[in-house]
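Order-wise, the sequence lines are chains A and B.
No gaps in the numbering here: position 141 of the first sequence is 141 in our numbering, and each next residue is one more.
No gaps in the numbering here: position 41 of the second sequence is 1041 in our numbering, and each next residue is one more.
Some hints here could point you the wrong way.
Claimed, not checked - Selected chain A positions facing chain B (Cβ under 10 Å, derived; list incomplete):
hint: 1; residue: S15
hint: 2; residue: G27
hint: 3; residue: Y48
hint: 4; residue: V154
Hints listed in this document are in silico derivations from the structure and should not be mistaken for laboratory results.
Quantities reported herein were computed from a predicted structural model and do not represent experimental measurements.
Positions of the beta carbon are idealized from the N, C-alpha and C atoms, including for glycine.
Number of protein chains: 2
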Amino acid sequence: MNNRAFQDCYPEELSHCFGCGKNNAEGHQLKSYWDGDETIAHFLPESYHIAIPGFVYGGLIASLIDCHGTASASAAACRAASMEMGVEPNLRFVTGSLKVVYLAPTPLGVELELRGVITEIKERKVIVDISLSAEGRTCAKGQVVAVLMPENMVTKSVSSQNIDANKRSCPA
Amino acid sequence: MNNRAFQDCYPEELSHCFGCGKNNAEGHQLKSYWDGDETIAHFLPESYHIAIPGFVYGGLIASLIDCHGTASASAAACRAASMEMGVEPNLRFVTGSLKVVYLAPTPLGVELELRGVITEIKERKVIVDISLSAEGRTCAKGQVVAVLMPENMVTKSVSSQNIDANKRSCPA
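Bound conformation, chain A alone (with noise of 0.2 Å):
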């Protein structure tokens, strides 16, 4: 069974997202993967990623859940439509809103898990919810609405670049 990253899948040209893109060498490069139905990502904040010394960015935070939704959500309409992540037309998905509730500090120094569940799926719309723990304890709920990536900033963005598309097949 293929077990690809959902962002291993995006298209090279839209793969340098400071989150999770594999092409930016100063990003996070979160890494998201079905868990049966659910999806699921870990992370291990720098030591530098600071709310309060000893508990985790605020921000780090919001960021983990929108990477994991705009990508559980890609794969979650690949997998709607029975169609492979990273063949043509990639249904590459960006961030409509962003909620998130802090529901207890998050320590910093251990691995954080995020879960994703997809909560509707529209053509263009997928809305997924996130829980961000650590140790167990769950310290951040999320929500993501994700919408399609409109054509007009994909036109935008690749004519301001110089990368060869290099397209990799991605079973869903």
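Since the structure of chain A is already known, use the hints to place chain B on it.
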């Protein structure tokens, strides 16, 4: 008139936030100020803060809204109580919840402006509505529900540090 940034009034031991702490050398060091009855901040993303090439990473936008919101909450609470920022008891706020709506792709390479409007102030909770714009165009809107930092969170953090408290007074 003293126009010191809100974040420069935080106690030393609570100034390590990756988004806006002056003591976090790796962080964004966002600075927020009063502008009449609104609050304002400016930020120039790095070239690697990419969503897709040409556009700003959504997680950074969420983070800036988050930090500007909690700082604005602290400032608003001090102003409402006729207290100076940076003087005991410090009214330090953390994020209870965060919502962001992404209205338009945010162009990379230009300075972003955040504006906050205080919509509710209670003793332990402040709500701030925030807009983020680039070149005069609103790209995102957000809402931060900020809550007074739980005492046990402060205690756990301070007890893990070895930093001298260095308090300064900053007129509200």
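**OP:** Provide an ascending list of the numbers of those earlier hints which the structure does not satisfy.
**Re:** none
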